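Protein chains: 2
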Amino acid sequence: MAKKALAIDVGGTKIYSAIVNEKGEIISEVEKYLTPKTFNEIKAVFKEIIEKYEDLVDVIAFSTCGAVNNQNNGILGSTGNIAKEYPAMDFKSLSKKTVFVENDANAAAWAEHVIGASKEMPYSIMLTLGTGVGGGIILDNKLYKGKNGAAGEMHFKMRTDKHRKCTCGSYDCFEAYASGTGLKRTAEEISGDSEITTYDVVANKDRPLMKKILEKWQNDILEGIIGLANIFDPDCVVLSGSMAEFVDIDYLEKEANKEIVTTPFRIVKASAGNYSGMIGAALLALGVK
Amino acid sequence: MAKKALAIDVGGTKIYSAIVNEKGEIISEVEKYLTPKTFNEIKAVFKEIIEKYEDLVDVIAFSTCGAVNNQNNGILGSTGNIAKEYPAMDFKSLSKKTVFVENDANAAAWAEHVIGASKEMPYSIMLTLGTGVGGGIILDNKLYKGKNGAAGEMHFKMRTDKHRKCTCGSYDCFEAYASGTGLKRTAEEISGDSEITTYDVVANKDRPLMKKILEKWQNDILEGIIGLANIFDPDCVVLSGSMAEFVDIDYLEKEANKEIVTTPFRIVKASAGNYSGMIGAALLALGVK
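Each protein sequence line maps, in turn, to chains A and B.
Position 172 (the first sequence) corresponds to 1275 in our numbering; numbering is contiguous.
Position 72 (the second sequence) corresponds to 1175 in our numbering; numbering is contiguous.
Excised from the complex, chain A in its bound form:
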């Protein structure tokens, strides 16, 4: 019988769960919880979900914020806006079934690789443009994790004069420019209005000022992608996340290919859907390539 995973996606604000099969299909209702503030409450939500469904599945697959180790059983370090003790979570102890853990951006990149936009492309880089920027790197049909599992952090510099503080504590990372938060800051800088929101920009994108702001933001994304393409010589860069709908993919692909010194590559929009983190974690946990 085909195997199934109980997938649990853990973000700073919400936790989702669903049962996913080997085809990467969600075969249950998706359940949603608000992420509690404390470690013990988060653990209680995990236990509640797992106790409810573990007998129906072969494996538990977490897609989580934070860098995940190469043993796929724990969090390596700080994870932003979730309880600060979260990295101490002993995932294995949560279920009698096998528990598999992967970073959410890595899991989403794997979903795109197996069933989505980068299918049949051995080398792909996924950029999730949301409030921040997530990164997932697939090389030679394998998820690339680096020596300890923390690889794929899109914190490379866009300038070197300490202009914008990044969420990581350093300055001027790609994330601080290419994210939704980055768009707001670009908008503030160009408009001089500290109250301007990303919504103001995207809702009025035909107005000259907003157009100028979006073009600057998109150009920063382009510059980042050029660097990644020169480093990796990938088949494609996949763009996902809520902010990806505001970029002109065809323009980016055309312009990037003019600038690179490596070989031509594609830029594509993610197609595995909103739950690609859960799907990718499930596929990884089930060993589906």
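The set of hints was computed from the structure by calculation and includes no laboratory data.
Errors might be hidden in some of the hints.
Each pair may be met inside one copy or between any two copies, as identical chains are not told apart.
[Unchecked claim] Quick list of in silico lysine-lysine cross-link-like pairs, BS3-like style, CA-CA up to 25 Å:
| id | residue 1 | residue 2 |
| --- | --- | --- |
| 1 | Lys1117 | Lys1392 |
| 2 | Lys1187 | Lys1361 |
| 3 | Lys1135 | Lys1117 |
| 4 | Lys1245 | Lys1268 |
| 5 | Lys1287 | Lys1319 |
| 6 | Lys1245 | Lys1126 |
| 7 | Lys1392 | Lys1222 |
| 8 | Lys1135 | Lys1187 |
| 9 | Lys1315 | Lys1265 |
| 10 | Lys1199 | Lys1287 |
| 11 | Lys1361 | Lys1268 |
| 12 | Lys1150 | Lys1117 |
| 13 | Lys1319 | Lys1268 |
| 14 | Lys1357 | Lys1268 |
| 15 | Lys1200 | Lys1126 |
| 16 | Lys1357 | Lys1265 |
| 17 | Lys1106 | Lys1357 |
| 18 | Lys1265 | Lys1361 |
The structure presented is a predicted model; accordingly, all values stated were derived computationally and were not measured.
Based on these hints, arrange chain B on the given structure of chain A.
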């Protein structure tokens, strides 16, 4: 009997040759030629070297400027200051023995990995700081080449306002800041003197102005390394090339580790010597890991 390679290093200005054994030792005199201007003259030099030595070795190993394909038998594209027809070279036809070709920076990174500074470190990134910047990436004990072989080009952006033209035709790449040429341009910008040379800077490095220039140049190298460490989570970054002697490795390692979001890594000076390109190509051609 232990196998040997005839290694040939091809640069824009010089061609070197030597016989290298499986330990990565050079066991002959190193011969040096000036790189001729035309394709046919370059080919004639290759033939002269190969005819002289091919009977003494098991394989011919080229370490060359230019990106080399994943079949290790040809050049992918443009290679800067060598005859423009050079990418059309049919390396295989040059000898009755097996001919193996690899990019010089990749080959040098492999030499460091097998016998040099990144020995026993599965994940390393080598930056060769010379007139330009070469890059070689070792991931999971394998040379990383990307989908077509062109990976490892250190042309990611240091700023996004088209400030400095890069040799690649684009603007503001790491190479345009971290190289010797980059140091000259940083010196010009800070001193306002267009005649200033890299020699002026390094020969007078205790003078306040020169110190300031070197610090800015070194800081740009630092910023680039931080980005690479966040992307790759490597064991180490190896610095090689003539300009590497002007950076403070311990300072870079300390500062970079403060800024990264991935896990601690080393920054080390290359130790495989001036002929690491030949040695690495020979080791790759001989299958030595």
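The hints, checked one at a time:
For the identical chains of this complex, Lys1117 and Lys1392 are neighbours neither inside a copy (28 Å) nor across copies (46 Å), given an alpha-carbon limit of 25 Å. With identical chains, the CA atoms of Lys1187 and Lys1361 are at most 25 Å apart between copies only, with a shortest distance of 20 Å across copies and 44 Å within one. Taking identical chains as interchangeable, the C-alpha atoms of Lys1135 and Lys1117 lie at most 25 Å apart only when both belong to the same chain, with a minimum of 7 Å there against 65 Å between chains. Taking the shortest Cα distances, Lys1245 and Lys1268 never come within 25 Å of each other, neither inside one copy (33 Å) nor across copies (36 Å).
Taking the closest pair of Cα atoms, Lys1287 and Lys1319 come within 25 Å of each other only inside a single copy of the chain (11 Å); across copies the shortest separation is 30 Å, beyond that limit. Taking the closest pair of Cα atoms, Lys1245 and Lys1126 come within 25 Å of each other only inside a single copy of the chain (18 Å); across copies the shortest separation is 31 Å, beyond that limit. In this assembly of identical chains, the alpha carbons of Lys1392 and Lys1222 lie at most 25 Å apart only when taken from the same copy (10 Å versus 32 Å across copies). In this assembly of identical chains, the alpha carbons of Lys1135 and Lys1187 lie at most 25 Å apart only when taken from the same copy (22 Å versus 60 Å across copies).
In this assembly of identical chains, Lys1315 and Lys1265 lie within 25 Å of each other by CA distance both inside one copy and across copies; the values are 23 Å within and 17 Å between. In the homo-oligomer, the alpha carbons of Lys1199 and Lys1287 never lie at most 25 Å apart, since the shortest distance is 45 Å inside one protomer and 63 Å across protomers. With identical chains, the CA atoms of Lys1361 and Lys1268 are at most 25 Å apart between copies only, with a shortest distance of 15 Å across copies and 31 Å within one. Within a single copy, Lys1150 and Lys1117 get their C-alpha atoms as close as 16 Å, which meets the 25 Å cut-off; across copies the closest is 66 Å, which misses it.
Taking identical chains as interchangeable, the C-alpha atoms of Lys1319 and Lys1268 lie at most 25 Å apart whether they share a chain (18 Å) or sit on different chains (19 Å). In the homo-oligomer, the alpha carbons of Lys1357 and Lys1268 lie at most 25 Å apart only across protomers (20 Å), although the nearest pairing inside one protomer, at 31 Å, exceeds that limit. Taking the shortest alpha-carbon separations for Lys1200 and Lys1126, only the intra-copy value of 20 Å comes in at or below 25 Å, while the best inter-copy value is 48 Å. In this assembly of identical chains, Lys1357 and Lys1265 lie within 25 Å of each other by CA distance solely across copies; the values are 18 Å between and 30 Å within a copy.
For a Cα distance limit of 25 Å, the shortest separation of Lys1106 from Lys1357 qualifies neither inside one copy, at 41 Å, nor across copies, at 47 Å. Proximity of Lys1265 to Lys1361 under the C-alpha cut-off of 25 Å is restricted to the inter-copy arrangement: shortest distance 15 Å between copies versus 29 Å within a copy.
Hint violations for this structure: numbers 1, 4, 10, 17, all remaining hints satisfied.
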